Amino acid sequence: MQESNLLMYTTEDGLTKIEATFINDTVWLSIEQMAELFQRDRSVIGKHIRNVFKEGELKKESVWAKFAHTADDGKTYQVDYYNLDVIISVGYRVKSLRGTQFRIWATNILKEYMQKGFVLDDDR
1 MQESNLLMYT TEDGLTKIEA TFINDTVWLS IEQMAELFQR DRSVIGKHIR
51 NVFKEGELKK ESVWAKFAHT ADDGKTYQVD YYNLDVIISV GYRVKSLRGT
101 QFRIWATNIL KEYMQKGFVL DDDR
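Going by full-length UniProt numbering, the residue at position 85 of the sequence shown is 85; the numbering climbs one at a time, nothing skipped.
Rather than coming from a laboratory, the hints here were simulated on the basis of the structure.
In this text the structure is predicted, and so the values were computed from the model without any measurement.
Beta carbons are placed, not taken as given, at the ideal position from N, Cα and C, and that holds for glycine.
Among the clues, some could well be false.
[What the hints assert, rightly or not] Now the in silico label distances, taken between C-beta atoms and shown as ranges:
1) Thr26 to Arg50: 33 to 41 angstroms
2) Ile104 to Gly74: 22 to 30 angstroms
3) Gly14 to Ala68: 16 to 24 angstroms
4) Thr76 to Asn108: 14 to 22 angstroms
5) Trp105 to Lys47: 23 to 31 angstroms
6) Ser96 to Thr26: 29 to 37 angstroms
7) Leu7 to Tyr92: 18 to 26 angstroms
8) Ile23 to Asn51: 19 to 27 angstroms
9) Lys75 to Glu12: 32 to 40 angstroms
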């Protein structure tokens, strides 16, 4: 696994700030973070994630990971995280303004990376 970096996403209204983990060239969020991002209950986010896998849209093994997370109680827990593919799929399914705003932001970040040459062609 590559070194992790933190990437801050702030909603357009500035009311919500999500600290996303950036590892292996993708963004990772927990269910809790997606619930906050899309302004939906955790159970709704979990249902959509299960359906993404059940319907064969994505394969869990390639878009899911467990990361150690230190909670407010000082204990370290293994937490399920999902990558950008899942986040975008869930964003389409919840049909929220926040989902649309996040997809626009993510697309712009990817375009910026490509323009600055961060995305390289491995075949060259």
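Hints, verified against the model:
1. Threonine 26 and arginine 50 have their C-beta atoms about 20 angstroms apart, which leaves the hinted 33 to 41 angstroms range violated.
2. With their beta carbons about 37 angstroms apart, isoleucine 104 and glycine 74 fall outside the hinted range of 22 to 30 angstroms.
3. Roughly 30 angstroms separates the CB atoms of glycine 14 and alanine 68, a value that falls outside the hinted 16 to 24 angstroms.
4. Between threonine 76 and asparagine 108 the Cβ separation comes to about 34 angstroms, which falls outside the hinted range of 14 to 22 angstroms.
5. Between tryptophan 105 and lysine 47 the beta carbons are some 24 angstroms apart, a value that agrees with the proposed interval 23 to 31 angstroms.
6. Between serine 96 and threonine 26 the Cβ separation comes to about 22 angstroms, which falls outside the hinted range of 29 to 37 angstroms.
7. The beta-carbon spacing between leucine 7 and tyrosine 92, approximately 21 angstroms, falls within the hinted interval of 18 to 26 angstroms.
8. In this structure the supplied range 19 to 27 angstroms holds for isoleucine 23 paired with asparagine 51, their Cβ-Cβ distance being about 25 angstroms.
9. The supplied range of 32 to 40 angstroms is met by lysine 75 and glutamate 12, whose beta-carbon atoms lie about 35 angstroms from each other.
Comparing the model with each numbered hint stated earlier shows that hints 1, 2, 3, 4, 6 do not hold.
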